[in-house]
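The residues making up each chain are set out below.
Protein chains: 2
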Amino acid sequence: MVIETTRSAPSRADWEPRYADRAARLQTSEIRELLKLLEQPDIISFAGGIPDPELFPTDAVRQAYDQSLGDDTRAGRMLQYSISEGDPDLRHWIASHMASKGIDCSAENILITNGSQQALEFLGKLLLSPADTALVTAPTYLGALQAFSASEPSYDLLQWPMGNRSASSYGEAARAAGGAVKLAYVVPDFANPTGETMALEQRRALLSLASELDIPVIEDAAYAALRYDGADIAPLQALDVTATGSIDASRVIHCGTFSKVFTPGLRVGWICASRQIINRLVLIKQASDLNSAAINQAVILHLAETLFDTQVARARQHYRTKRDAMLAALTKHMPDGIQWTKPDGGLFIWLTLPPSIRSADLLQRAVKDASVAFVPGHAFYPDASGTNTMRLSFSLPDVPAIGRGIEALASLVKSAG
Amino acid sequence: MVIETTRSAPSRADWEPRYADRAARLQTSEIRELLKLLEQPDIISFAGGIPDPELFPTDAVRQAYDQSLGDDTRAGRMLQYSISEGDPDLRHWIASHMASKGIDCSAENILITNGSQQALEFLGKLLLSPADTALVTAPTYLGALQAFSASEPSYDLLQWPMGNRSASSYGEAARAAGGAVKLAYVVPDFANPTGETMALEQRRALLSLASELDIPVIEDAAYAALRYDGADIAPLQALDVTATGSIDASRVIHCGTFSKVFTPGLRVGWICASRQIINRLVLIKQASDLNSAAINQAVILHLAETLFDTQVARARQHYRTKRDAMLAALTKHMPDGIQWTKPDGGLFIWLTLPPSIRSADLLQRAVKDASVAFVPGHAFYPDASGTNTMRLSFSLPDVPAIGRGIEALASLVKSAG
Chain A
1 MVIETTRSAP SRADWEPRYA DRAARLQTSE IRELLKLLEQ PDIISFAGGI PDPELFPTDA
61 VRQAYDQSLG DDTRAGRMLQ YSISEGDPDL RHWIASHMAS KGIDCSAENI LITNGSQQAL
121 EFLGKLLLSP ADTALVTAPT YLGALQAFSA SEPSYDLLQW PMGNRSASSY GEAARAAGGA
181 VKLAYVVPDF ANPTGETMAL EQRRALLSLA SELDIPVIED AAYAALRYDG ADIAPLQALD
241 VTATGSIDAS RVIHCGTFSK VFTPGLRVGW ICASRQIINR LVLIKQASDL NSAAINQAVI
301 LHLAETLFDT QVARARQHYR TKRDAMLAAL TKHMPDGIQW TKPDGGLFIW LTLPPSIRSA
361 DLLQRAVKDA SVAFVPGHAF YPDASGTNTM RLSFSLPDVP AIGRGIEALA SLVKSAG
Chain W
1 MVIETTRSAP SRADWEPRYA DRAARLQTSE IRELLKLLEQ PDIISFAGGI PDPELFPTDA
61 VRQAYDQSLG DDTRAGRMLQ YSISEGDPDL RHWIASHMAS KGIDCSAENI LITNGSQQAL
121 EFLGKLLLSP ADTALVTAPT YLGALQAFSA SEPSYDLLQW PMGNRSASSY GEAARAAGGA
181 VKLAYVVPDF ANPTGETMAL EQRRALLSLA SELDIPVIED AAYAALRYDG ADIAPLQALD
241 VTATGSIDAS RVIHCGTFSK VFTPGLRVGW ICASRQIINR LVLIKQASDL NSAAINQAVI
301 LHLAETLFDT QVARARQHYR TKRDAMLAAL TKHMPDGIQW TKPDGGLFIW LTLPPSIRSA
361 DLLQRAVKDA SVAFVPGHAF YPDASGTNTM RLSFSLPDVP AIGRGIEALA SLVKSAG
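First to last, the protein sequences are chains A and W. In this text, residue positions in the first sequence follow this note's numbering: the first is 1, and each later residue adds one. In this text, residue positions in the second sequence follow this note's numbering: the first is 1, and each later residue adds one.
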């Protein structure tokens with residue numbers, strides 16, 4: 001029996017004025033809303049930062065689910081409540097993976113989360129009281145702003161490159177805002193949204209600033225595996241563990257995810273940090289949703305053990321071609337005066353228009369007249385500035401569509417300029 | 001390469017003093033810690049309120065995963081990011097299910113969550129500012145206290161049966177605590193931890209109190225499907241929708257879950273509420289973890305469409321036998337002066353010892369000397385009172401083990417008395 005909502009509804013209760021203060025800070029994500037555009041079949045989407053489903057290891061996923069449910073004892077465990085910390089074997093695999101990046105740690109330093117998004121939300125909850133300050137770059141990952149905003153912080157801006165502002169100026173600004181500086185958040189490799197990578201000396205400068213402020217640094221490594229050119233740069237956490245001698249003495253909290261390499265659909269990410277911080281985060285996980293699905297963790301573990309290196313190589317090859325296609329199309333079609341980043345990895349190129357052009361206006365016309373979508377850059381600024389910027393993702397369209405889409409976008413830019 | 005944590009670790013950074021205030025309120029759940037005892041193979045556990053894995057529809061789950069990944073287009077959708085609201089078809093099924101319980105609603109009134117726990121945490125976030133008051137019963141579901149506590153409320157106690165305290169006395173107490181009454185939380189059917197059910201007149205009295213206070217009521221219906229005797233009593237939300245004429249005018253927020261009927265392992269629950277509240281909760285879901293795993297939702301939908309009624313009948317039969325066995329064993333073995341509830345459904349019996357016996361002390365001896373576990377009742381009280389009470393779950397042990405476990409427990413009670 002399906003009953004639709006009465007169309008001639010009586011007056012609704014109005015709860016809006018009675019929500020907690022934090023609820024008022026939550027805004028609809030433009031990116032999430034834009035994902036709905038993707039259902040338009042003919043659109044060329046440079047909008048969502050979502051992986052190409054062509055890369056999903058579907059057969060291996062199917063086999064892994066089947067195996068996990070293969071005998072009754074195992075199935076009984078897979079379908080039961082499980083421990084909040086996450087699957088011990090998966091945590092062990094991740095600890096080895098972190099060690100391979102120069103971060104000497106054990107399973108006790110790892111918490112499994114529902115993707116990096118949950119990691120960021122937990123860290124906001126752990127560290128930020130209302131009016132405390134979070135240091136972020138501008139632009140920064142929109143989802144981080146959303147995750148932290150539930151804890152009602154102020155934001156102050158990290159310089160990029162580092163080093164133009166003193167620790168005491170950050171401290172004073174935070175006191176003026178009514179709290180203290182409680183964390184710094186960065187995406188050091190192939191950042192969302194700019195595609196830029198922090199050089200080694202920038203990483204050292206950030207750690208030095210964090211040390212002066214005595215704050216934790218959240219290192220969001222969502223895209224770190226997707227490098228197409230050049231050599232890896234040491235993660236912030238590796239630099240700090242080397243300097244302090246132990247993960248348990250480190251101020252860096254590293255957030256990783258299987259979403260970009262394997263699949264975002266199983267919602268498996270992790271936090272690597274000192275045991276003291278992990279122990280506290282386990283309580284936050286318990287209170288938030290008890291545990292992540294054991295069966296999804298088992299499937300991810302199977303993929304990690306059997307496919308990780310192969311899949312990373314495959315993804316790099318796949319996205320490198322797309323990045324090259326987008327960079328070539330931008331060079332070919334964009335008029336003078338337009339600038340864009342040349343990322344060594346990740347999924348994004350960041351484009352800056354002349355100050356007179358508002359990318360949000362351009363988006364309306366791009367979707368309507370050219371069936372092309374992107375994300376207006378102001379969404380990534382805590383103060384909604386950057387109105388003449390945009391984020392272009394090359395992950396989803398194929399190479400010919402990337403060419404056509406950039407050509408169409410360039411025409412719109414020319415006619416707007 | 002696996003590297004264990006250095007045993008001779010250097011001094012750790014001490015972050016504890018710098019956490020947000022809310023983090024200090026999170027305590028380790030005794031129940032979660034007790035789950036670790038279950039790994040002892042010979043223990044008779046009356047502790048966790050977890051479903052019997054014998055009932056898990058493993059074959060159907062395996063088939064459903066296989067089907068979901070059966071063709072590339074579907075697999076691509078299943079393994080991708082998905083919408084924060086949850087799978088539209090699953091929301092539609094749930095809306096029909098709610099309608100069958102007298103709650104006329106549409107898919108737009110439904111948000112998918114990672115089990116009820118996430119629902120409760122979201123509702124705390126939405127409704128409670130620090131020092132606001134949440135009305136709860138004493139005892140109440142421990143997980144609700146954990147979920148709400150991240151929002152730093154005060155608690156005040158609902159009377160059971162209702163009606164002994166006036167709305168104005170609750171309002172005054174809340175003002176004295178520094179905020180206002182912002183919600184009432186109840187488990188009306190076969191409550192965790194007592195197994196008790198609110199009679200119809202108690203439900204009406206609670207709605208009347210909530211109306212006087214003009215607050216939302218959170219109805220946790222986790223166990224509602226598991227009725228072994230008697231006739232269903234209308235959900236609070238059904239009563240309120242009838243009174244107000246529309247789900248969108250209702251003050252009741254209904255939390256449901258597939259955990260107790262099918263499996264808790266896929267982490268799928270839901271909130272049914274007015275669209276205004278759901279719209280705001282969708283933003284909280286976005287900021288918290290983007291979306292619940294699409295593939296797990298598809299599997300649950302398959303189970304719901306093909307097996308729901310059969311599975312409910314199977315679970316009722318299975319647990320009714322266990323409840324009867326536990327009640328019979330209590331009657332046979334417990335000495336005079338011990339009282340316990342006689343639940344019409346759910347998974348729990350609540351036992352009250354003489355005031356001189358502390359159930360926490362008894363637990364130590366029960367685990368050590370008799371290999372029997374339960375949860376000491378004080379864990380379910382906001383003020384940690386109820387030290388002479390305990391929660392007994394009959395869900396996991398088989399009938400002979402229930403008999404042996406209760407007999408052993410009764411011996412310990414006699415020797416403690």
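There may be inaccurate statements among the hints.
Selected chain W positions facing chain A (in silico; Cβ < 7 Å) [unchecked claim]:
1. A13
2. R25
3. L26
4. I43
5. A75
6. L128
7. L266
8. A293
Derived by calculation from the structure, the hints in this document are not laboratory data. Please read all numbers here as calculations on a predicted model, not as lab measurements. Glycine included, C-beta positions come from ideal geometry on N, C-alpha and C.
Hints, one by one, checked against the model:
The interface hint given for A13 of chain W holds, since its Cβ lies 5 Å from the closest Cβ of chain A, which is under the 7 Å cut-off. Evaluation of the R25 of chain W hint against chain A yields a violated restraint, the C-beta minimum of about 9 Å exceeding 7 Å. Annotation: interface hint on L26 of chain W holds; nearest CB of chain A at approximately 4 Å, less than 7 Å. With a least beta-carbon distance of about 16 Å to chain A, the hint placing I43 of chain W at the interface is violated under the 7 Å criterion.
At about 4 Å, the closest approach between the beta carbon of A75 of chain W and any beta carbon in chain A falls short of 7 Å, and the interface hint on this residue holds. Interface restraint check for L128 of chain W: the shortest CB-CB distance to chain A comes to about 6 Å, inside 7 Å, so the restraint holds. Using the Cβ-Cβ criterion of 7 Å, the hint placing L266 of chain W at the interface with chain A is satisfied: the shortest such distance is roughly 6 Å. At about 5 Å, the closest approach between the beta carbon of A293 of chain W and any beta carbon in chain A falls short of 7 Å, and the interface hint on this residue holds.
Checked against the numbered hints given earlier, this structure breaks hints 2, 4; the rest are met.
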